[in-house]
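Use the sequences and the hints to build the structure in full.
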Amino acid sequence: MADSCSSSIDSSIINNDQSIQNCDIENSSTKEKSNTKIPTNGKMMFKKKITSKQYRQLTYKLKEIKQIIYEENLIHEKINRLNLKKQYLQNILLLLHVMDSVDGMKHSPCR
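Using UniProt numbering, count along the sequence shown one by one with no gaps and you end on 111.
These aren't lab readings, by the way, just hints derived from the structure by calculation. No residue lacks a Cβ here, since even glycine has one placed at the ideal position from N, Cα and C. Be careful, since some hints might not be right.
Derived DSS-like pairs (lysine-lysine); straight-line CA-CA distance at most 30 Å [to be verified]: (1) 47 x 66; (2) 63 x 78; (3) 47 x 61; (4) 61 x 49; (5) 53 x 66; (6) 63 x 53; (7) 61 x 48; (8) 63 x 47; (9) 49 x 66; (10) 66 x 78; (11) 63 x 48.
Here are the simulated distance ranges between beta carbons [said to hold, decoys possible]: (12) 79 x 57: 31 to 37 Å; (13) 77 x 97: 26 to 32 Å; (14) 77 x 101: 33 to 39 Å; (15) 102 x 79: 33 to 39 Å; (16) 49 x 88: 56 to 62 Å; (17) 59 x 79: 29 to 35 Å.
Structure below.
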């Protein structure tokens, strides 16, 4: 990979099996440097410091998402249990029909 930035791949930063390079990019207008991550897919991601209020908001949203996922999992478990009960009842009903047809054949007149 021929980059103008002279950096090596940081082994501690791996995102979804993609290596990410850390580069110092100099802004030509202000001569400021910003730490930038360049993933292998080519998208630029800038590190941004967040305030404590933003951190609390993000933490709250993350907890809400985790709660929703937990509730979804509970619902899926209930659905699976109901499907198992449905299968069980269908098997019993089928068995009753088979027993009824066999019993009916015993009492029918022979030809």
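Going through the hints against the structure:
Distance check on the hinted pair: residue 47 and residue 66 sit about 25 Å apart at the alpha-carbon level, within 30 Å; holds. Among the hinted pairs, residue 63 with residue 78 is consistent with the structure: their alpha-carbon atoms are about 23 Å apart, no more than 30 Å. Our distance criterion of 30 Å between C-alpha atoms is met by residue 47 and residue 61, whose separation comes to about 20 Å. The hinted pair formed by residue 61 and residue 49 meets the criterion: a straight-line CA distance of about 18 Å does not exceed 30 Å.
About 20 Å separates the Cα atoms of residue 53 and residue 66, which keeps this hinted pair within 30 Å; it holds. Between residue 63 and residue 53 the CA atoms are separated by roughly 15 Å; this keeps the pair inside 30 Å, and the hint holds. A distance of roughly 18 Å separates the Cα atoms of residue 61 and residue 48; the hinted pair therefore holds under the 30 Å criterion. As the CA atoms of residue 63 and residue 47 are separated by approximately 23 Å, the hinted pair is consistent with the 30 Å bound.
Among the hinted pairs, residue 49 with residue 66 is consistent with the structure: their alpha-carbon atoms are about 24 Å apart, no more than 30 Å. For the hint pairing residue 66 with residue 78, the CA-to-CA distance comes to about 19 Å; that is within 30 Å, so the pair holds. Using a Cα cut-off of 30 Å, the hinted pair residue 63 and residue 48 holds, with the two alpha carbons roughly 22 Å apart. For the pair residue 79 and residue 57, the beta carbons lie near 33 Å from each other, so the given range of 31 to 37 Å is met.
The hinted range of 26 to 32 Å is satisfied by residue 77 and residue 97, whose Cβ atoms lie roughly 31 Å apart. Checking the proposed 33 to 39 Å range against residue 77 and residue 101 shows it holds: the Cβ atoms sit about 37 Å from each other. A beta carbon spacing of about 35 Å between residue 102 and residue 79 agrees with the range 33 to 39 Å that was offered as a hint. Between residue 49 and residue 88 the C-beta distance comes to about 57 Å, which sits within the given range of 56 to 62 Å.
Judged by the Cβ atoms, the range 29 to 35 Å given for residue 59 and residue 79 holds: they are separated by roughly 31 Å.
Of the numbered hints stated above, none is contradicted by the structure.
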